[in-house]
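K.L.:
Combine both chains into one complex, guided by the hints.
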Amino acid sequence: MIKGILDLIRNTFTQLITLKMVLHHTFSPPDTVQYPEQMPYLPPRYRARIILTRDPDGEERCVSCNLCAVACPVDCIVLQKTESEDGRWYPEFFRINFSRCVMCGMCEEACPTYAIQLTPDFEMCEYDRSNMVYEKEHLLIDGCGKYPGYSFWNVSGKTISGKDKGEAENEAEPVDVRSLMP
Amino acid sequence: MPTIIVDGISYQVDANDNLLEALLGLGLDLPYFCWHPSMGSIGSCRQCAVIQYQDEDDQQGRLVMSCMTPVTEGAILSIDAEPAAEFRSAVIENLMINHPHDCPVCEEGGECHLQDMTVMAGHSMRHYKGLKTTHRNQYLGPLLNHEMNRCIACYRCVRYYQDYAGGTDLAVFGSRGRVYFGRHEDGVLQSEFAGNLVEVCPTGVFTDKPLSERYTRKWDLQSAPAVCTGCSMGCNISVAERYGELRRIHNRYNSEVNGYFLCDRGRFGGGFVNHEDRIRRCGVRNASGVYDPVSKQQMLEKVSALISAAGSKVVAIGSPRASLESNHLLGKLVGRENFYSGLSGREQSIINAIYAIQQTGGARIPTLREVEAADAVLILGEDVTNTSARLALSLRQTVRNRSKEMANQIQIPLWHDAAVRKLAQDEKSPLVLVTASEDRLEDVSCLTHRAGPDDTARIGYAIANIIDNRYSRPADLTDNEQTLAASIASILKNAEKPLIISGSGSLNLAVVEAAANVAWALKGENKDSGLIYCVPECNSLGVTMLHDGNSNNLDDLLSGSDDIDVAIVLENDLYRRAGSTAINSWLGKVKNLVVIDQLDNPTASVATLVLPAASFAETEGTLVNYEGRAQRSFAAFLPQGDIQGSWQWLLDIADQVGTQKFGSIRQFDQVTEDIAAQNAALSGVTKAAPDASYRSGAGQKIARMTHRASGRTAMVADVTMYEPQQPVDNTSALAFTMEGANLIKPGEVPSSLTPYIWSPGWNSNQAIIKFQAETGGALTDSDPGVRLIATASPVADLHTRHTTIPAITRHQGGSLQLVPGYHLFGSEELSAYSKAIAELTPRGYFAVHPDVAGQLGVADHDGLETQINGANVQLEVVVSESVARQCVVYSYGIDATGELVHEKRGTFKKAESWESSRPSNLIMSDR
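Residue numbers (the working numbering), protein chains in the order written: chain A, 1 to 182; chain B, 1001 to 1927.
Note that these hints are calculated values from the structure, not bench results.
Being a predicted model, the structure only gives us computed values, none of them experimental.
The C-beta atom is built at its ideal place from N, Cα and C for all residues, glycine as well.
In the PhoX-like style, the derived pairs of lysine-lysine whose C-alpha atoms are separated by at most 20 Å in a straight line are:
#1 K1129(B) with K165(A)
#2 K1132(B) with K165(A)
#3 K1313(B) with K1589(B)
Footprint (simulated), chain A over chain B, 3 or more residues, beta carbon under 8 Å:
#4 1092-1102
#5 1146-1157
#6 1168-1176
If you want the ones that stay clear, here's a sample from chain B, every Cβ over 10 Å from chain A, calculated:
#7 Q1359
#8 H1547
#9 N1592
#10 T1608
#11 N1679
Only chain B is shown next, with the shape it has when bound in the complex (with noise of 0.2 Å):
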């Protein structure tokens, strides 16, 4: 390691950083714009100048721009020199000229990294007399605010937006004074990381609307760490409240899950906790069907009555949207074998695939932050970028690799981020999508081969027999395939850490399978090979895992011909994951049924009694992710009426009934030790994060307020004068108070605890290099989180697993194969009740190939009927040429669709008497 000496000091360095990194890591205080530890630096800005001294007698050293020079062994530096103060000073004053007098009104201020530099370079007034430019702003859909004006064009946006995240509707315009960032014309941003230009964008050109809103500023938030709930990715998320109300969801750094960035369903998804349809009361339905609200005691009396009454069966419907400590209690209050996890049939034989594969150690479950080290990737029948959103957004780096090789060889340092991409060029490493309709990531792939679920599930088989000939030869390949398959296979042999990428997306077990085959194909060819599986919601292989993949699931217990005197739904609704005639028939036997969940949803509105559950930003929970990560999320308020977290609901119906099943345990840490305690393969959960009865260095509890909370004096004060104590937080470490560990020395809280980000002088979230043990790299304090699935040495004779290969699909009949099409904003349950999201969801659809739709007899804009077990559904035809021949894609979770996803196939026809309204416009891929 370098040594470097700033201003009389030695230091030792990375010598693969620039001298910006090198110093930002050892905690120095230096401004700057354009650089991005994620997106390296362009030098555009100035601002980060230092003095570099020739040698010891040089007394007079040049300016140059840190974020540009590389460390070198021995470099003499100095930051406060004078002419570098001055210059930086003389920077920021040219960069704020134009900068209009918008700080109270603007969404940025006080978490605004040029307000921070500008008074880190010694400013408090300005100068400049003469005339601002000014810009005319654009709309820019429902999810940002833009505000030209406040433009110091530092390029990040751009560069975040086309370079980073692969946006294509987000340009700079203009030259000289006038340089405009925006789009072609007004119009919704495409990209799906768009929101993360409010964190990108030093200052506010690019503001959070929802946010805006109901407007909060940073100090006066309430933050708790949380963990996003949109998908199986497990992102780290601060959710913020104020007066009651979710207000907005930042990011939490967490260099191994989410990094830097969010997705828009996760940042913008968080919705449904303040929507009306929010069940805030216990209910009990009378005769007339309508619900009549009782108190929490009363309603503990019925449940236990019910639950109690001799000889009844109770039967318990578990959820992959709850936490694995909600989903313990229950299985544990009605018995294992009374408990179904929820997950209808299909789902759970592919998740329990999944587990199994995860469990051989045949290949390694890459974090995300391994992903962008892969050299090729293969996509198997997932639509990642719909999905599974931030594995998209890591594997738009991914493909960059061959870039970086490139810059190796010819040593230009991978900082260096405009020289490193001119010099690639188009180059990319190889990403290969196989995927039954449009994928977002087609722009980077380097081949895309359309096929149905069954077909793309071939096409995996044929590689890993191509690369290993143990491993099953489909029969019958055709040509075609055989020539896709040897070319694939001949682009992951040249890879040294190939990645194959598949998931239940296609709602096919046997393209899990090959997914698998793949991967350990490789890994017998000394390939360092990685396997991701998606999984569909934040859950999923939780709620697995809890009972080692051998849980009941929906449809066992739908099938099933018992009469039920009891059946509790925890947080899911089961209209999602099977036809309405099977439900409805299984309602029939029900005498009772008892719904804790958050939104007055589909199955909520047929209980008998309603029982109303705390969302995730009002209780706590452990999540499991894809990659078997265990994360505890944290509540950042307590909700109002008689809402409490569903595991704090079983805890009270237990108490209430006097069951002895759940023992000594009452806390909520207690269900988490007794859930180590009774699951081999969740041994590790209680390492999630500290217990509630951890302390910070002075014996204090952790802050969520800032300390620089306001108002507490007059928050209440219209309603009583006595000002009421804080409420009590007993179930975690942190405190819905400003007392306590305020995080101003990092490392002082834990990372897993921390509720937001900020450190003196460093209002933004840009504050977090203060909490990094290097710049970019992992927290000081280690990252959140525990991996519960162990990297084992593999289980011998892989190949002898999987052979269960689907023949090619072919017309049957007239049937066509049924294969989900995902939206980031629309098929996750929850986020589609925040009001932006709603506004960006397609209307439902049925998408054909034209051939398809000839044969059908439609054309865009037609209604198409399918009759599936006696439910009729109808949705309008979306044609197009990117949709698999033999399939009918349709838009999952998204209007009448929960009818569809237990079939494989359908039989199709023109729904005759089909009013379109749908505006023209919307192609499948649109928002």
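Same shape as in the complex, but just chain A (with noise of 0.2 Å):
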């Protein structure tokens, strides 16, 4: 009986508050904002449409290593390693089908190399979703993206013409293995 009215208490309070909070809303100015003629702010580590930028000195940075394609949750990444003839591994090709992408950002937080970046550019409407595919021409950019000057060949020990073996960040000159020195 007693718990009886208190329920009956408590359930009216909470009615009260709701109608309180729904007035308040219908006196207060609107969130929503006109968009496309008013554009919201979008912070620089906004994760949205992904590109593949490129290493100081111009060429690509992906190395075709496949970690952002097994990072990918929705698995929507393919891409295939080739060489080139001054010894790079490059994607012969780097597909990502934006129409199953969740722009999650794991594939960036993968990528050893800063290659794959996301971008605040959220606004990619198609009509037809094979348009919604990107092949690595319309994905690689010209510049670094957000990380100036990294460029993973310098870290690493493989040779790439231009630079030879010791040339590396942190490495020293080739070993001479005839060298009897103690």
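P.N.:
Encoded structure:
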């Protein structure tokens, strides 16, 4: 009996709070903006359309290690490794199916070379879904994106033309196997 | 079995193991580098440290290297104790100091033992900020990449290459931080087993070069359990695909067959699958000799119209490189009397004899594991390294049995690799070679004799006669032969488990029969003698067993005079098996030649109708290896175009013809069941692997893809946005998807259906330890394959069986004995198409002894010519001391040598207008 009365009072009280909330919103200014006339502010770290970036020397950053593809929860990235004459690994093709992409940014986190980056451009609307499939030529930009100055090949131990053994960061000269020095 | 206590839990372990083997065998995770189950321990990497306590009161314990510590009763150990974990973590941090930041551009990444162990030791960050040591790489040939910076100096590569595989041109150089693993100079690695370095190296110093060209990470490969088609050993392989191309062949462990290792022909010989000469469409030859593509249905209609035309004579030629199923259906389609095995008369008679000998039960047919237990070996007329390479690798272990015996005498445990080798120095178990030309096993043989095939047989007969004088004795034995035979006989009689190896390699029946006599005579002396015959192709024995050793052979057909309306050739290039004159004149009598094959070979290019056949990587099939082990091979991927398995073509043709011969057979498994039902000798083939209805514990098919396969929703997005259903596999228990049983738990999937090896935390092939019943032993779920030839009790009167002894080889009016010389790279038809292998294939040659060269008036780089059955064969001369006199050794399967395989003798003369095209540094044994 007493419990019933207490419940009644509590329920009436919460109803009143709800009413108050609704009335409050009725007289406050709207949050909705008139997109696209009014553009929202998107921070540089906002995760949307994916790009492939280049090294400071203008070559492709992607070494086709496949880590983005395997990190992708919706499996929307495929690529194939090939090798250039100067010894760099690069993707023969690199395809992202944006109609599947959920912009989660796992690929960017997995990328060991800062090649793949997410940009704040989220405006990707197409009438034809096949236009959402981006090949390498659509993804590749001319700059370094968010990470200027970084070049994976300067860190890696592999030789490419213009960077011999021992010339990468923190590398000693190649050893002389024939040396007898202690 | 001793009991040990590890982190408070008691376990029973094998007393002969070291602690590392024991702990890994228990399923515990413990990092290691330098130890390898096949190569024992040397304790150089210090990675497998554990704490051993003195007794229960000991709280502190001491660090021991588990790989160097024998199992002792009641040992109290801890893997997890902090000092041990800290030590292991510090050791790996040191090893990683100079390791480059290469994982993204390293072919090992994703299946790297170093990655796995680093994570296992608890590392995720690099702290070292100093300079890294760097090294220059070497060119090691078309098979392997070298990236020396990645080396952690575990010494596994040199231990494998020198100690295990007997190679001499890979070594460790330099001192302290400068140690360098490589050749003395750039150049092709000479060992036939160099490819195993890819798996032996725990990191990416040695990587698979052909894979690297079209690189795919392990997690993206779609794999299937397959059987190598390179020779008759039947090594188990894992074939992997991506984007419709075969990407690589990896070892698949089978403790009885190949163990951890493959030969380079097996590992790198799959390139033909992607070759530009692949036949991908059905073709009909038009009037101008060009092929018009037709649809599959049109082709079936054409073939069936030809076959079912009234009164037409239809014959079929099978193949020793096609599966049992395809051969069986072909025989069924045309009738047994019109089926020809596809082996030449000469080959067929030898293989029939081999099969008959294997059935007598006079001697064991050892598996490759059992080969390694033999204590004396006699090889009669077979260049094992080039015809059945994996066997040669086992023989290199066999000769170590003497050192193991010595170690046992002074109680050194056999896993104590360095100690056992030091103790033995150069002591080896006896291995005797009687061959016609240089042999790669000479460095481990105690006695090498050079003789042509007939003389080899005579020596064999003489040995058998000395062991047991009831066996026939060759007349007019020379003194040399007599002494040689006596000394070989005494070597064999001193052994407990002598092993005789011969085969069809010398294309000589007498050699095969003589080898049997030796093994049988030894058996009569109560020796546990073994007898191995190497047969030429992956299914030579199978196709022989299919008709119980009574098949018609190719020569029966070619020599026939009947006109033939339709001849169907299954996966067989006839020009490799008979002279072109004989084939061409036979083809004149054939109205329609139907060829079902993979590649556009000479036979396919004279066919009227060409049907594209699937390769071993694209379809199922059962193959029977040298020991009569039936093993099922599965498709890694579905082929494009009109390509389908030969057995499927034959089922479709029969369907179109409307013949009732096939009854209700519609499925692959039904074909296999039919084989078992129709052939008593093959009744076991259905047990080679579970059939298509098999499901794993959770009712699932077995996934060919890993659970991390990537790119599913983008792979075909450039073509269609509608992601198509994955292809459905109705012919096997495997599925072309990543859904299904993914080998998470060892034993969940039968070993014969295991597409690739992976276990949580163990991404490299080393994960196999999780699937073995005991470390380095049989698989939890028993090894794949089923032995079809039962070890019967010996037939009586074996000594009366083989009595036809050839006469001593002499010059006969200037003619010389023709002996095939084999090459791992080039002598086998399909593997020779691989780009990397083609690069290593020598040019065709005639090799002669200097005496013979003098008589013929030729020198190195001259040409020799011979007229054989209307064909003129010209090849370059190689003069070598190591060729038997009275013999001409020719490069089997390379250049125009198909003309020669039929002939025992030939008359040679100098080719007058010969221009050498050979680089000057090639000798026969060079690849």
